[in-house]
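Asks: Given the structure of chain A, go ahead and fit chain B onto it with the hints provided.
The residues making up each chain are set out below.
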Amino acid sequence: MRLDGKGRVNRAEEVLFQFDGKYVRGYAGDTVASALLGKGERLMGRSFKYHRPRGPLTAGSEEPNALITVGSGAEQDPNVRATMQEIYDGLEVFSQNAWPSLKTDVMGINDLAAPFLGAGFYYKTFMWPKAFWEKLYEPIIRRAAGLGGLSGEAHPDDAERAFATCDVLVIGAGPAGLMAALTAAKSGASVILCDEQTEAGGRLLSETVDVDGKPGHVWAAEMVQTLRDLGVRIMTRTTITGVFDGGTYGALERVSHHLPNPSADLPRECFWRIHARGAVLAAGALERPIAHPMNDRPGVMLTSAMASYLNRWGVAPGKRIVLFTNNDSAHATAKDLADAGIDTTVIDARSGIAPSGDYLVHAGAKVINTRGHLGLRSVKVRQGTREWDIEADGLGLSGGWNPSVHLTCHMNGRPTWNPEIHAFVPTPGSVPGLEAAGAAMGNFSTHGALKSGIFRARKVLESLDLKPASIQTPVADDTPLGLAPLWAVDAPGRAWLDFQNDVTTKDVHQAAKENFQSVEHMKRYTTQGMATDQGKSSNVGALAVLAEATGRDIPGTGTTTFRPPYVPTAIGTMGAGAKGKGFAPERFTTSYANALQMGAPMIEAGLWYRPSYFPRTGEKTWRDACDREVNMVRDAVGVADVSTLGKIDIQGPDAAKLLDFVYINTFSTLKPGRVRYGVMLREDGFVMDDGTTACIAPDHYVMTTTTAAAGNVMKHLEFVTQALHPEWDVSIISTTEAWAQFSVAGPKARELINSLTDTQVDNDSFPFMACGAIDVLGVAGRLFRISFSGEHAYEVAVPARYGAALWRDLVARSELLGGGAYGMEALNVLRIEKGFVTHAEIMGRVTARDIGMGRMISAKKDCIGKAAASRPVLMASREELVGLRPVDPNTKIDAGGHLYNIGDRVHRETDQGYATSACYSPTLNTYMALAFVRDGTARLGERIRFVDRLRGVDAEVEICHPVFLDPEGGRARG
Amino acid sequence: MGNLIATSAASGLCPVNIGNLTLTERTPTLTSVSPFKGKKTAVRKALGHWPAPNEAKGNVLWAGRNMAFVVGECADLAGLAATTDQSDAWAALTLEGDALEAVMARLTPLDMAAMGPGATARGLLGHMSALYHRTKTGMDIYVFRSMTQTAVHEITHAMTSVAARAALSA
Numbered sequence: 000m001r002l003d004g005k006g007r008v009n010r011a012e013e014v015l016f017q018f019d020g021k022y023v024r025g026y027a028g029d030t031v032a033s034a035l036l037g038k039g040e041r042l043m044g045r046s047f048k049y050h051r052p053r054g055p056l057t058a059g060s061e062e063p064n065a066l067i068t069v070g071s072g073a074e075q076d077p078n079v080r081a082t083m084q085e086i087y088d089g090l091e092v093f094s095q096n097a098w099p100s101l102k103t104d105v106m107g108i109n110d111l112a113a114p115f116l117g118a119g120f121y122y123k124t125f126m127w128p129k130a131f132w133e134k135l136y137e138p139i140i141r142r143a144a145g146l147g148g149l150s151g152e153a154h155p156d157d158a159e160r161a162f163a164t165c166d167v168l169v170i171g172a173g174p175a176g177l178m179a180a181l182t183a184a185k186s187g188a189s190v191i192l193c194d195e196q197t198e199a200g201g202r203l204l205s206e207t208v209d210v211d212g213k214p215g216h217v218w219a220a221e222m223v224q225t226l227r228d229l230g231v232r233i234m235t236r237t238t239i240t241g242v243f244d245g246g247t248y249g250a251l252e253r254v255s256h257h258l259p260n261p262s263a264d265l266p267r268e269c270f271w272r273i274h275a276r277g278a279v280l281a282a283g284a285l286e287r288p289i290a291h292p293m294n295d296r297p298g299v300m301l302t303s304a305m306a307s308y309l310n311r312w313g314v315a316p317g318k319r320i321v322l323f324t325n326n327d328s329a330h331a332t333a334k335d336l337a338d339a340g341i342d343t344t345v346i347d348a349r350s351g352i353a354p355s356g357d358y359l360v361h362a363g364a365k366v367i368n369t370r371g372h373l374g375l376r377s378v379k380v381r382q383g384t385r386e387w388d389i390e391a392d393g394l395g396l397s398g399g400w401n402p403s404v405h406l407t408c409h410m411n412g413r414p415t416w417n418p419e420i421h422a423f424v425p426t427p428g429s430v431p432g433l434e435a436a437g438a439a440m441g442n443f444s445t446h447g448a449l450k451s452g453i454f455r456a457r458k459v460l461e462s463l464d465l466k467p468a469s470i471q472t473p474v475a476d477d478t479p480l481g482l483a484p485l486w487a488v489d490a491p492g493r494a495w496l497d498f499q500n501d502v503t504t505k506d507v508h509q510a511a512k513e514n515f516q517s518v519e520h521m522k523r524y525t526t527q528g529m530a531t532d533q534g535k536s537s538n539v540g541a542l543a544v545l546a547e548a549t550g551r552d553i554p555g556t557g558t559t560t561f562r563p564p565y566v567p568t569a570i571g572t573m574g575a576g577a578k579g580k581g582f583a584p585e586r587f588t589t590s591y592a593n594a595l596q597m598g599a600p601m602i603e604a605g606l607w608y609r610p611s612y613f614p615r616t617g618e619k620t621w622r623d624a625c626d627r628e629v630n631m632v633r634d635a636v637g638v639a640d641v642s643t644l645g646k647i648d649i650q651g652p653d654a655a656k657l658l659d660f661v662y663i664n665t666f667s668t669l670k671p672g673r674v675r676y677g678v679m680l681r682e683d684g685f686v687m688d689d690g691t692t693a694c695i696a697p698d699h700y701v702m703t704t705t706t707a708a709a710g711n712v713m714k715h716l717e718f719v720t721q722a723l724h725p726e727w728d729v730s731i732i733s734t735t736e737a738w739a740q741f742s743v744a745g746p747k748a749r750e751l752i753n754s755l756t757d758t759q760v761d762n763d764s765f766p767f768m769a770c771g772a773i774d775v776l777g778v779a780g781r782l783f784r785i786s787f788s789g790e791h792a793y794e795v796a797v798p799a800r801y802g803a804a805l806w807r808d809l810v811a812r813s814e815l816l817g818g819g820a821y822g823m824e825a826l827n828v829l830r831i832e833k834g835f836v837t838h839a840e841i842m843g844r845v846t847a848r849d850i851g852m853g854r855m856i857s858a859k860k861d862c863i864g865k866a867a868a869s870r871p872v873l874m875a876s877r878e879e880l881v882g883l884r885p886v887d888p889n890t891k892i893d894a895g896g897h898l899y900n901i902g903d904r905v906h907r908e909t910d911q912g913y914a915t916s917a918c919y920s921p922t923l924n925t926y927m928a929l930a931f932v933r934d935g936t937a938r939l940g941e942r943i944r945f946v947d948r949l950r951g952v953d954a955e956v957e958i959c960h961p962v963f964l965d966p967e968g969g970r971a972r973g
Numbered sequence: 000m001g002n003l004i005a006t007s008a009a010s011g012l013c014p015v016n017i018g019n020l021t022l023t024e025r026t027p028t029l030t031s032v033s034p035f036k037g038k039k040t041a042v043r044k045a046l047g048h049w050p051a052p053n054e055a056k057g058n059v060l061w062a063g064r065n066m067a068f069v070v071g072e073c074a075d076l077a078g079l080a081a082t083t084d085q086s087d088a089w090a091a092l093t094l095e096g097d098a099l100e101a102v103m104a105r106l107t108p109l110d111m112a113a114m115g116p117g118a119t120a121r122g123l124l125g126h127m128s129a130l131y132h133r134t135k136t137g138m139d140i141y142v143f144r145s146m147t148q149t150a151v152h153e154i155t156h157a158m159t160s161v162a163a164r165a166a167l168s169a
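So the protein lines, in turn, are chains A and B. Under numbering that gives the first Met the number 0, the first residue of the first sequence is numbered 0, with each subsequent residue one higher. Under numbering that gives the first Met the number 0, the first residue of the second sequence is numbered 0, with each subsequent residue one higher.
Warning: the hint list may mix true and false statements.
EDC-like cross-link-like pairs, simulated, lysine to aspartate or glutamate; straight-line CA separation at most 16 angstroms [stated by the list, open to error]:
1. A:Lys102 to A:Asp3
2. B:Lys36 to A:Glu726
3. A:Lys865 to A:Asp683
4. B:Lys38 to A:Glu955
5. A:Lys891 to A:Glu955
6. B:Lys36 to A:Asp728
7. A:Lys21 to A:Glu40
8. B:Lys38 to A:Asp683
9. A:Lys123 to A:Glu513
10. B:Lys135 to B:Glu54
11. B:Lys39 to A:Asp728
12. B:Lys36 to A:Asp698
13. A:Lys334 to A:Asp209
Which chain B residues stay away from chain A? Per the calculated CB distances, all over 12 angstroms, these [as the list claims (entries may be wrong)]:
14. Arg43
15. Gly47
16. Trp49
17. Cys73
Please keep in mind that the hints were generated in silico from the structure rather than gathered at the bench. From a predicted model like this one, the values you see are computed outputs, not experimental measurements. The C-beta atom is built at its ideal place from N, Cα and C for all residues, glycine as well.
Only chain A is shown next, with the shape it has when bound in the complex:
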């Protein structure tokens, strides 16, 4: 029910939303919970296990009961707290875990079976028969229990990722946080102030307290303006979710959850990574309930929640209200309720307590039961030997306050028990650079919070070598809490500790009795403290009950581990920015657009997109295109984009030394205008990469790497020049992207090249493995006579801006010569026919000797990996690179198949090797493969059994030399 003249909602602006399909009217500024309570609706959900009717327990993000689903279809968001979801016109929300409706939920029958469904019930009951668990029991239990569901579709809304940096991060904008931010800002620090609520003020918005003679919320609003003027960045609707190394804080900002028809460009949420040199945790404290029988009915909530609904949203939490407390904070709320004209009674467990306003107090009394199925109707009270019922539709519980220590535990810190306030407080130093202030540190009075905010901010500023400004503490109330601990009422009946997971005091006792006495074991046995609220209202109460059941004290019992995130956070939000094209950069060559126009399917090579083949009319399969492209290169001329290969420019007087050191073979003898093939090893003696290096000029080389290892080789060279030989005068830089480079291969390659340039080349001026500058249609380019196909071939390079133009030109010219563009498939066939290795062969487990290049390791110099490569184990009998030809040339053999001696059992112990690359060779009209076979080079001509269990192939193949075609290399030299 709404109360006139109370609250901060805008009565002039009505908002219409739907709850379970029914229209509900609220006001701008309402949450779903406050709007429903304003209409007298207390029932908002069903509990997890027993499907008991529940209303909101809290007014914040710690809410365990009032979980709703927002929206429907792909956009549905489950498990949203009704206490946090702001209403707007057109909002549709749904209750969860109830069927057919919230009021008549058939699964409520579980509640009748509650005596049998206690802690450990499932583990004990559904043991046998074993096979039934997965097929029968688990699906039934899962359907009966549960929270909201996912749509099963991809969420269409985008989340955003962002970064922020500051000197001081202040977490929480209550009295302590506001003063901490003020102190830091006035001291010259850059400050970010975060609060998960819609406006700053914290408890000043929910309570009737004065600060400096002004109503608390007025003082807060003025302070916010002051902070803005000082340049403080105030982020509302933003929850700090986690603390990570190096002063990094994760923050979840709700950007458009509260907006009707938000722009499609607006993210739903933003996940911030805030880097702060120091931080003040002013996240306040969470009130804890008292476990008494039947303390979970709709209408039962925390006293602080009642204060919020009354003062912040102008909603009466009932017509007749009982507050059950063990401390003084509830009396302030009792006075507020009484002042608002609500019939209020306080049941105070302490004796000798008098009312501080126009309400009734029963001191030394306890609530021992309640009535009312879908909503509270009455409360049973016991005082000494006297018991009676009080008619009430609202019951406020106040068992004291738990400082929000969560974030201080994210880096393995454990909180400390403070016996004076009967609560855990943060252990100083748990998070480097972070100080807890105000109620989060156990300073519960307004004055204490304001003062503590200043003091803790000063400590942070001093640690940052900033001189703290002198700030006066505003005048405010300083009444202590006066708490006498009361965790559970000793009376028959189920007393709830964890409302979300339906854990009662009996369950905790049961766990203790069955020897689950560690708090971590109790948690897992009873499920206390799990799911969306992570036990924010129940953890301390549950461990207090466990302590009593096991005869220990509370600090001796300890807490479970607090982990990020502090509030439920969508995985999609944590991974924001990585959706769709954000997942990984796409790297395109200059010929990409044209290759697409030619209909080439693309394959990914690392981040690059490369054409697989270029289909022509009438070609039905990729093989048709591939075979044609191979024949084209062997018979006429083909062109391919090879720009993706890494190109590293190496210059300096010691450039040759570097090359000699990283390659197994010698490069210091390479003359300008010449290219040499080289192999480099890792420190452990295995092959890292191969490629060619060209000598452009004295002390100036261009190294080519494979596409896949370009980054690794660059990193390797950085390591060598920075760590191993920093004294060498050599400079390296990647020029991969600067040049568009195309392979021109085939008998007519020279004819094509000469059509592009005035500098005519022939075998004398430009023999195999030559390189040099060349003008290409008026552009200064580079020409390399190298071949990865075994044909007479060139690679021609021009600055990348001319790449698209030259590619189209090359394709057109090659087609006139009876050739054309070829893709990765043909490139692969061409190199397999020639026995050239790629990373399919040099996959990190082979040595130079294994690939037949052992003798390339120069005896005249040292190189990286040389010593390790000569280890006896690597010089002994190993699998060596060979070729394979099926006895029947039409038997398709694939990479991945394993080899066994004919007559041997097919078994890992008899394994002779495996195929790494395979293709159909249209040149030799046979399938073929490259393979590693034990002592393979000594077994050429031998027949061996090829078994590919994945593809069902079992065939005889012949071991042959890995160079299938033109072993003398006449074609490339010609």
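Replies: For chain B alone, coordinates are given in the frame of chain A:
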């Protein structure tokens, strides 16, 4: 002999105008300069400047360990430094507008407060690496040419999002 037509890295992708934010492409000559041992003073003399880490002096941008990029014409440094033509290796983009820092906060973890005019930094742009140069009027962003399309997509996405937020408070 004929001529080849040049196409820039962000050809067809820029300019992008969203609200008062603009993303444009420039095509400057870019030369990497890495002084040989003992030649840094001579290089400074030849170029007129040699920047400290994370700064730009004149048209010389710090770009890494013993490495600077000269934007525009570069003096002849033969014998003094290793130089390579990097003009075609990078897409040179310029982001300008009031909400520049808000857009940058969505692209890179770099602290913009520490990047006043004249600052340079190597940092991330989404999952890519970039070289940033804060100028008096905006942010020059250099990314690998092959990743231009992704970079423009990421930057545009951030610009769109920032503009949508600005529209909220407007």
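Asks: If a hint holds in the structure, say so; if it doesn't, say that too.
Replies: Verification of the hints:
A C-alpha spacing of about 30 angstroms is found between Lys102 (chain A) and Asp3 (chain A), which places the hinted pair above 16 angstroms, so the restraint is violated. Annotation: proposed proximity of Lys36 (chain B) to Glu726 (chain A) holds, straight-line Cα distance about 9 angstroms (limit 16 angstroms). Of the pairs offered as hints, the one joining Lys865 (chain A) and Asp683 (chain A) holds, with about 9 angstroms between alpha carbons and a cut-off of 16 angstroms not exceeded. Proximity of Lys38 (chain B) to Glu955 (chain A) is assessed by CA-CA distance (about 65 angstroms); at most 16 angstroms being required, the pair is judged violated.
About 11 angstroms separates the Cα atoms of Lys891 (chain A) and Glu955 (chain A), which keeps this hinted pair within 16 angstroms; it holds. Our distance criterion of 16 angstroms between C-alpha atoms is met by Lys36 (chain B) and Asp728 (chain A), whose separation comes to about 6 angstroms. Restraint check for Lys21 (chain A) and Glu40 (chain A): the C-alpha separation of about 12 angstroms stays at or below 16 angstroms, so the hint holds. Annotation: proposed proximity of Lys38 (chain B) to Asp683 (chain A) is violated, straight-line Cα distance about 36 angstroms (limit 16 angstroms).
Proximity of Lys123 (chain A) to Glu513 (chain A) is assessed by CA-CA distance (about 12 angstroms); at most 16 angstroms being required, the pair is judged to hold. A C-alpha spacing of about 13 angstroms is found between Lys135 (chain B) and Glu54 (chain B), which places the hinted pair at or below 16 angstroms, so the restraint holds. Our distance criterion of 16 angstroms between C-alpha atoms is met by Lys39 (chain B) and Asp728 (chain A), whose separation comes to about 13 angstroms. Of the pairs offered as hints, the one joining Lys36 (chain B) and Asp698 (chain A) holds, with about 14 angstroms between alpha carbons and a cut-off of 16 angstroms not exceeded.
Between Lys334 (chain A) and Asp209 (chain A) the CA atoms are separated by roughly 15 angstroms; this keeps the pair inside 16 angstroms, and the hint holds. Every CB of chain A lies more than 12 angstroms from the CB of Arg43 (chain B), the least distance being 16 angstroms, so the non-interface label holds. Interface exclusion of Gly47 (chain B) from chain A stands, the closest Cβ pair being 21 angstroms apart, more than 12 angstroms. No beta-carbon of chain A is positioned within 12 angstroms of the beta-carbon of Trp49 (chain B); the least distance is around 15 angstroms.
With 12 angstroms as the threshold on Cβ separation, the claim that Cys73 (chain B) sits away from chain A holds: the shortest Cβ distance comes to roughly 14 angstroms.
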